[in-house]
Amino acid sequence: MKSKFLGTGVALVTPFKSDLSVDYAALKNIVTYNIENGVEYLVISGTTAESATITKQEKKDITAAIIDVNKGRVPLVLGIGGNNTAAIIEEIQTTDLSSIDAILSVSPYYTKPTQEGIYQHFKAISEVCPVDILLYNVPGRTSKNIEPQTIVRLAKDFSNIIGVKEAGNSTAQYLQILKHKPEDFLVISGDDDLALGVMLAGGSGVISVIGQAFPKEFSEMIRLGLKGDAKTAYKIHYRLMDIINYIFEENNPAGIKAVFEALNLCESTVRLPLVTASSALKKKINQFVAEFN
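Each residue of the sequence shown is one higher than the one before, counting from 1 in my numbering.
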């Protein structure tokens, strides 16, 4: 399988200054840090970027800043999704996607559509989108699972729906999709803790949260998994296992931002209704980072 989305993509954070404004200098440093340490692609405006509290203008400015510092070095994926199909279509049609390789589109949340509603939602998006589409299934946030048969149906019916970021934390669901999907359809792990196992079962890569803090090690682990070298890959997995658990202990992205603070890459500030990691969690994270490095 040949794809620009094989391997490790990272769901970039949006760094904030203490006054809650976007810290563009820190953002550019994080992008450079990840590219130079071997990640295969970058994801803009996903859940980890606090997209729910980013204004439309900030999203444009953040995207432009990342495009500028990337300079075409790695593929870029832009999050465009939601629970209003017409609004998503309008955003796609009014966004300059000339520097974007694909969009990541989350399944509709809150409204809880049927499987047929989910299918029709992505059908409508597919028919207007000029770039490739990665479905994003995260039932813990949307309260509605995209069932494997719906994912496979979309994969077979629309050539520009090229993959799914699967984040249901269900091994059984991963295996069902892998068993029935078209050959070139990408199954991308959205669960850092399961990512290596998904690679060994036939997955295509990961869109990771922790990978952006430890890009060299995490992306190497995924490459080893894609090659089937489980023994070597699991040595890295075990080194990272504790920090993967820590960053999701309270909320995402408070955990990963606490890691970045320990790495001196950005402040740990998040926007309400999220709050920064507790002092107890920061203590564990700081200790991990100090010992890891």
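Just so you know, these hints were derived from the structure itself, not from any lab. Here the structure is a predicted model, which is why all the values come from computation and not from measurement. Be aware that a few hints might be false.
As the list claims (entries may be wrong) - Below, a list of computed lysine-lysine pairs in the DSSO-like style, where the Cα atoms sit at most 30 Å apart:
hint : residue 1 : residue 2
1    : Lys-17    : Lys-60
2    : Lys-235   : Lys-179
3    : Lys-216   : Lys-235
Each hint tested on the structure:
1. Lys-17 <-> Lys-60: holds (18 Å)
2. Lys-235 <-> Lys-179: holds (27 Å)
3. Lys-216 <-> Lys-235: Holds, at roughly 14 Å.
Figure legend: structure checked against the earlier numbered hints; every hint is met.
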